[in-house]
Amino acid sequence: MPGWLTIITTLIIALILTLLPMPHWTIWLRPAWVLMVLIFWSMTTPYRVGVGTAWIMGLLVDLLSGTVLGEHALAFSLIVYFVNKMHIRLKMAPFLQQGLSVLLFMLCYQFVIFCIQGFIGQLPDTKLYWMSTLTSTLLWPWLYVLLRDCRRRFRVV
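Using my numbering, read the sequence shown as starting at 158 and increasing by one per residue.
Incorrect hints may have been included.
What the hints assert, rightly or not - Computed spacing ranges between beta-carbons, pair by pair:
hint, residue 1, residue 2, range
1, R309, P180, 34 to 42 Å
2, W182, A250, 30 to 38 Å
3, Y204, I184, 32 to 40 Å
4, Q279, C307, 17 to 25 Å
5, L257, L174, 17 to 25 Å
6, R309, Y204, 28 to 36 Å
7, L226, K284, 35 to 43 Å
8, R310, G275, 41 to 49 Å
9, K284, P180, 15 to 23 Å
10, W299, T166, 13 to 21 Å
11, P251, L221, 18 to 26 Å
12, R305, G278, 26 to 34 Å
13, H181, I245, 40 to 48 Å
14, M243, P180, 31 to 39 Å
Source of the hints: derived by calculation from the structure; they are not laboratory data. Ideal placement from N, C-alpha and C gives every residue a C-beta, glycine not left out.
Could you build all of it, start to finish, from the sequences and the hints given here?
What follows is the structure, given as structure tokens:
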């Protein structure tokens, strides 16, 4: 399987995981699957996955989830830009430091979405809004290992 096909497949799987229905009480715990996959690929292969890919994936998330068009596109592009700028440091960092970086990226992403929703008058009415940052951060090590093994198996360079 060519490298670009592996990247596209993992992004499609992340989109599917994002759209899977969840019980109402767990809605705030949904990890940012697409963003985590984008962070991984832009960290390991920054010349293949960049701001353009993040923008397209953000538009797809906006279209499929029914949010304001460009909301996720802006947030994903911003985060992937910073990951691309720091990809060498992130790749060499130990898991704990990588996890803290992902926590900061997720908080940044949530903050951008929060600001956009504030501008249009649709602020979340609960503090649980920030919980997806925590679940994304906790799932990062397992997702990283899974995608790293996938990258090695299909020889994505």
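Against the structure, the hints:
no.	hint	result
1	R309 <-> P180: 34 to 42 Å	holds (35 Å)
2	W182 <-> A250: 30 to 38 Å	holds (35 Å)
3	Y204 <-> I184: 32 to 40 Å	holds (36 Å)
4	Q279 <-> C307: 17 to 25 Å	violated (36 Å)
5	L257 <-> L174: 17 to 25 Å	holds (23 Å)
6	R309 <-> Y204: 28 to 36 Å	violated (18 Å)
7	L226 <-> K284: 35 to 43 Å	violated (27 Å)
8	R310 <-> G275: 41 to 49 Å	holds (43 Å)
9	K284 <-> P180: 15 to 23 Å	holds (19 Å)
10	W299 <-> T166: 13 to 21 Å	holds (18 Å)
11	P251 <-> L221: 18 to 26 Å	violated (35 Å)
12	R305 <-> G278: 26 to 34 Å	violated (42 Å)
13	H181 <-> I245: 40 to 48 Å	holds (42 Å)
14	M243 <-> P180: 31 to 39 Å	holds (36 Å)
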